[in-house]
Amino acid sequence: MPLDLSNDLAFIAAPMVNQSDMPFRLLVRRYGATSAYTQMYLPERLLTDKEYLDYHIRDLTLAKDVDISRPVIAQICDLNLGCPQEAARDGHFGAYLLGQKDWPLVQNIVASMSRSFTVPVSTKFRLCQPSTKTLEFAQMLEGSGASWVTLHARTVSARRRRQGAADLSEVKRLKDNLQIPVISNGNVRSFDNLQENLALTGADGLMVGLILVRSYQSFKHTYGISWNSSGEDLSEMQKAYFITYSASDCFSGRRPWFPKFRAALGATLSLDEIEVLMNRKVERWRGRPPRPSHQEVTDDLPEANNDHESSVADDELGVAFPDELSLP
1 MPLDLSNDLA
11 FIAAPMVNQS
21 DMPFRLLVRR
31 YGATSAYTQM
41 YLPERLLTDK
51 EYLDYHIRDL
61 TLAKDVDISR
71 PVIAQICDLN
81 LGCPQEAARD
91 GHFGAYLLGQ
101 KDWPLVQNIV
111 ASMSRSFTVP
121 VSTKFRLCQP
131 STKTLEFAQM
141 LEGSGASWVT
151 LHARTVSARR
161 RRQGAADLSE
171 VKRLKDNLQI
181 PVISNGNVRS
191 FDNLQENLAL
201 TGADGLMVGL
211 ILVRSYQSFK
221 HTYGISWNSS
231 GEDLSEMQKA
241 YFITYSASDC
251 FSGRRPWFPK
261 FRAALGATLS
271 LDEIEVLMNR
281 KVERWRGRPP
291 RPSHQEVTDD
301 LPEANNDHES
311 SVADDELGVA
321 FPDELSLP
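Residue 1 is where the sequence shown starts when you use full-length UniProt numbering, and the numbers rise one by one after that.
Source of the hints: derived by calculation from the structure; they are not laboratory data.
Just so you know, not all the hints are guaranteed correct.
Listed next, the in silico DSSO-like pairs over lysine-lysine satisfying Cα-Cα at most 27 Å (straight line) [unchecked claim]:
hint: 1; residue 1: Lys133; residue 2: Lys101
hint: 2; residue 1: Lys220; residue 2: Lys175
hint: 3; residue 1: Lys50; residue 2: Lys101
hint: 4; residue 1: Lys172; residue 2: Lys220
hint: 5; residue 1: Lys175; residue 2: Lys133
hint: 6; residue 1: Lys101; residue 2: Lys172
hint: 7; residue 1: Lys175; residue 2: Lys101
Starting from the given sequences, assemble the full structure and let the hints guide the process.
See the structure below:
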């Protein structure tokens, strides 16, 4: 289905590495997101790494057996110039292409994409340095054929990527000077922040990330969506997210705490105990503080010896579970 720029850009789930999988995208779309981005793909690996390609095609199709001959249709293609991670810094991509010496390269990429693709091309980026250069950079993208731009109004930092408030005045400056839609990203922690952001910037839409990981229902008020939090049943998409994706990823054996998780999961007898496992024990195994539960239940699930070793960092493959199990 073609993208409707007047509606589909209103409330967007941001691209997040190891978070923006298909079940998560379906879940946030059900609760008010008008669009949901996949995580950032690395073109070189798509072309040279079959395992990487197969994994992401499975994510796009939710298929166990990948048939490469089957077409996968993209609705948009976004050039991500906002990624601040160390891998992006080391590989000189993402937000590390915002320096003025790389502008001709970025201009050529966006122009080539817009000429070659039949779907809209967009660009997500951060503030340039100095920030006064950001409008000039956005106008270059507009002139190169970008259908819309998304500004995360912070400068790039590999280790302090969300430190300090986003400078939303820069989003407003883009909105006041560009002819294409402008999406605002940053300074959203609640539904009230959504409205404040739009009022301040006049942006055509909002993109948010971590708030949806913490509570996938953050957009629900935008359409007056009601839901049942009785906990009597799990929706099909919640089953997909908590079981189909997360459990199957754990059972691949890539996580160092997998043996403990398997033993503890097998000992659970209720949804309350599963909630304790996900919000307390798994978070502790990952070296993070426990997440709050809806009920005060005893954390008495059995431990198992962890003899499994993994060379993969937990944060690299981490799945963050939502704070709530409030159900539709």
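Which numbered conditions among the earlier hints are violated in the structure presented, ordered from lowest to highest? 3
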